[in-house]
Amino acid sequence: MPPIIEVRNFTKKYGSFAAVNDISFTVEEGSIFAFLGPNGAGKSTTINTLCTIFEKTTGTLLIDGKDVSLQKNEVRKAIGVVFQESTLDTKMSVEENLRMHCVFYNVPKGEVEERIRFVLRLVDLSDWRKKSVASLSGGMKRRVEIARGLMHYPKVLFLDEPTTGLDPQTRAHIWEYIVQLQKEKGITIFLTTHYMDEAEICSRVAVIDGGVIVADDSPYALKKQHTMDRAYITTQNPEALESLLAAHKLPYQKKAAYYRVDADDTALLLQVLSAQKDSVTDLEIRKGTLNDVFLEITGKEIRG
Amino acid sequence: MKTILALCVRNLKAFIRDRTRLFFSILFPFFFVYVFSSIFRNEAISDPVPYMLVGIIIATVFETALRISASTIDDMTTGFMKEVLVSPVARVSVAAGQFLSSAIIAAVEGFIILVVGFFIGFKVTSVLTLGLVMLLMIFVGLVFAGFGLFIATNTKNIQTFQIVSMAITMPMTFISGAYIPFSLLPRSLVFVGYINPVTYAVALFRTVALEKTGLQTDELLAEQLALQIGEVVVTPWLAMLILFLFGLLFMVLSTLTFVRTDFSRINRNKDNSIEW
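In order, the protein sequences belong to chains A and B. FYI, the numbering for the first sequence is 1 to 304, going by my numbering. FYI, the numbering for the second sequence is 305 to 580, going by my numbering.
Each hint should be verified, as a subset may be incorrect.
[Unchecked claim] Calculated cross-link-like contacts (lysine-lysine; reagent style PhoX-like; alpha-carbon spacing at most 25 Å): (1) Lys77/A <-> Lys155/A; (2) Lys141/A <-> Lys317/B; (3) Lys77/A <-> Lys306/B; (4) Lys130/A <-> Lys317/B; (5) Lys306/B <-> Lys72/A; (6) Lys317/B <-> Lys109/A; (7) Lys109/A <-> Lys306/B; (8) Lys66/A <-> Lys185/A; (9) Lys13/A <-> Lys66/A; (10) Lys130/A <-> Lys306/B; (11) Lys91/A <-> Lys317/B; (12) Lys91/A <-> Lys306/B; (13) Lys185/A <-> Lys109/A; (14) Lys249/A <-> Lys277/A; (15) Lys317/B <-> Lys131/A; (16) Lys183/A <-> Lys155/A.
[What the hints assert, rightly or not] Covered by chain B, according to a simulated footprint, are these stretches of chain A (three or more residues, beta-carbon under 8 Å): (17) 50-62; (18) 71-78; (19) 102-109.
Hints listed in this document are in silico derivations from the structure and should not be mistaken for laboratory results. These numbers were taken from a predicted model, which means no experiment stands behind them. Glycine is no exception: its CB is placed at the ideal position from the N, C-alpha and C atoms.
Start from the sequences and build out the full structure, keeping to the hints where you can.
Set out below in C-alpha cells:
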C-alpha cells in the first residue's frame, strides 16, 4: 500500500531563513504519526504546508497521491485540520458549527444529522449540541474542533498540538478519542506535540529540530536505539558491588547515596545483582523516555 | 450558492444574537429622525418630515451596510477564517455571503425606520413604491457592502478600521444631503458632496420614496432631487448608474483583496509572532 502522506525534500524559507530544511518522510495509512520538537522547530510550518495554507519553497508533498500545491481542492477534501488556536465560530452553537462545516465540505444533506450524532457521541458532547460555543470550556472547544474536523470523514486528520494548554485529565480524554478514532475508523492521524508522553502513544515519531528531521522511527525503536535503562542502586556493601560491576564490565558512577548503572540489558543487570541481593537495600530501574531520546539526539531538552 | 446562503444566514443570526448591538443600531437612527425633523421644520422644502425621514433611511442603510460587512471580517479573523481556508470552499462565495447579509441587515434597519415613519407623517400612495423602496435599499446596501469589505480587507486590524471607517462614514453621511440639504451647505462642501456616492443614493432614493419619479428635470432640480454639476444634470436615473458602477467597482476590488488576503497572518494577538 502506498503511503498516505509522502514528503520529499521539502524546504520552506522565510527570506533567507530556512524554517524547514530539506526534510523527507512518509506516513502509512491508518497510523498515528507524531512530529516531536521544541517551539520553532518547523512543526507548524510543515503542518500548514501540508494543509495547503502555506506555499512550499521547494520539494514535493503528496497527500493520498495528490500534490498539495497543484491539487489544493482535492487535498482539502481529503483532510481534516485542528489548528493550534481555536477556529470555531464562537457566535454560533455547537450544532451550527458542525452544520456549517458540512456546507463547506458538501456533505450530502441526508447524512448530516447522522454524522452530527456520531461525532458528538465520539467526543462525549451530545448534551452540548445546542449550546453556544462561547459558553464551552477550553477542553470542550477542543473536542468540538476534533468532532468538526471529522464531519466530512477525512482520510487524514491533522492535529497541531491538540492538547496544549489543557489540564491532564482533558488531555488524557482527548487522547482516548484520538486512539479510538484511529482504531475504529482507520483514519490516519498526523499530529505535532511537544509533550513526550503523548508521542509515546504514536505508531511513529519523527523528531524535528532546527528544521531538520533528526530521527524517525517507532517510539520503542527510538528509545532502544538512543537510550539505556538506568539503575539506581543503594547498597550496604559498596566494595563488593563495585568489584562485581567491574567484573561484568558494567560502567557505573558513584554518587553520594547511590550507584548509577547504565545498562542496555536490564535482565542481565538483574542477574548480576542477584549475587548481591542481601546487601542491596534499594533498587530503582528507569526506562529511557522519549525525552532522553531527544536529549541524546539534539543535546537539548524539551520543556513541555 | 449553498455556501453563500449558509454564510448569509449565519451572519444574520450573529447579528440578531448580539442584543446590545441590535438595540443600539435600531435606536440610533431614531435620534436623527427626531433631531433633524425638528431642526428643519421651517425649511423651504414643502414637507420636511418625509423629506428628512427618507434621507435618514438611506443614510442608515449606507452606514449599516458599511459597518456590518466590515465587522464580519472581524468575526472571521477571530480564527473562523482559517476553517474556511482549509476547506474546499471558494473564497469568492464567502465574500458574496458577506455582501448579501450586509445588504439584508441594512435593508431591514431601513425598513424599521420606514415603518415608524408611517406614524409620523410619511405616506406612499401605491404598493409599487413600497416594493421599489425595498429593492432600492437592498441595492444601496450591496453597493456599500462592497465598499465596507474593501476598507476592512485593507486595514486588517479592528482598531485601525474603526478610525478609518469613522473618518470615512462621517463626511459621507453628512455631506450627502441626507441629513442636511445641500442648499444649507457652504459651496466648497457641496463640491465634496458631488464626489460622494452617498449623495447619489440619497437623490435616487428620495425621488422614488417620495413618489417624484414623474417630475420634470427642472422640478427635480428645484426639489434638490437632481444635481446640477456644471453643465451636467445628474438625474436620479443617472445617479443609479453611478451607484451601480461604484458598487461594482468596489465589489470586484474587495473580492480580489479578500481572495488574496492571508488570513493566517491576521491574528488576534498583536504580539503573536509568526509561527513555524
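Do the hints match the structure? See the list:
Between the alpha carbons of Lys77/A and Lys155/A the distance comes to roughly 9 Å, so the proposed pair stays at or under 25 Å and holds. Proposed proximity of Lys141/A and Lys317/B is supported: the alpha carbons are some 21 Å apart, at most 25 Å. As the CA atoms of Lys77/A and Lys306/B are separated by approximately 17 Å, the hinted pair is consistent with the 25 Å bound. For the hint linking Lys130/A to Lys317/B, the alpha-carbon distance of about 14 Å falls within 25 Å, and the restraint holds.
Only pairs whose Cα atoms come within 25 Å are accepted, and Lys306/B paired with Lys72/A is accepted, the gap being roughly 21 Å. Straight-line distance between C-alpha atoms of Lys317/B and Lys109/A comes to about 21 Å, which keeps the hinted pair within the 25 Å bound. For the proposed pair Lys109/A and Lys306/B, the alpha carbon gap of about 11 Å is at most 25 Å, so the pair holds. Using a Cα cut-off of 25 Å, the hinted pair Lys66/A and Lys185/A holds, with the two alpha carbons roughly 21 Å apart.
Between Lys13/A and Lys66/A the alpha-carbon distance is near 23 Å, which keeps this suggested pair within the 25 Å criterion. Straight-line distance between C-alpha atoms of Lys130/A and Lys306/B comes to about 23 Å, which keeps the hinted pair within the 25 Å bound. A C-alpha spacing of about 9 Å is found between Lys91/A and Lys317/B, which places the hinted pair at or below 25 Å, so the restraint holds. For the hint pairing Lys91/A with Lys306/B, the CA-to-CA distance comes to about 20 Å; that is within 25 Å, so the pair holds.
Among the hinted pairs, Lys185/A with Lys109/A is consistent with the structure: their alpha-carbon atoms are about 21 Å apart, no more than 25 Å. Between Lys249/A and Lys277/A, the direct Cα distance comes to roughly 19 Å. Compliance with the 25 Å bound is thereby established for this hinted pair. Taken as a hint, the Lys317/B and Lys131/A pair is honoured in the structure, with Cα atoms around 15 Å apart against an allowance of 25 Å. Of the pairs offered as hints, the one joining Lys183/A and Lys155/A holds, with about 13 Å between alpha carbons and a cut-off of 25 Å not exceeded.
For the segment 50-62 of chain A, the assignment as covered by chain B holds, since 4 residues bring a beta-carbon within under 8 Å of that chain's beta-carbons and 3 suffice. Only when three residues or more bring their CB closer than 8 Å to a CB of chain B does the claim for the segment 71-78 of chain A stand; here the count is 3, and the claim holds. By the rule of at least three residues with a Cβ nearer than 8 Å to a Cβ of chain B, the coverage given for the segment 102-109 of chain A holds, with 4 such residues.
In summary, the structure agrees with every hint in the numbered list given earlier.
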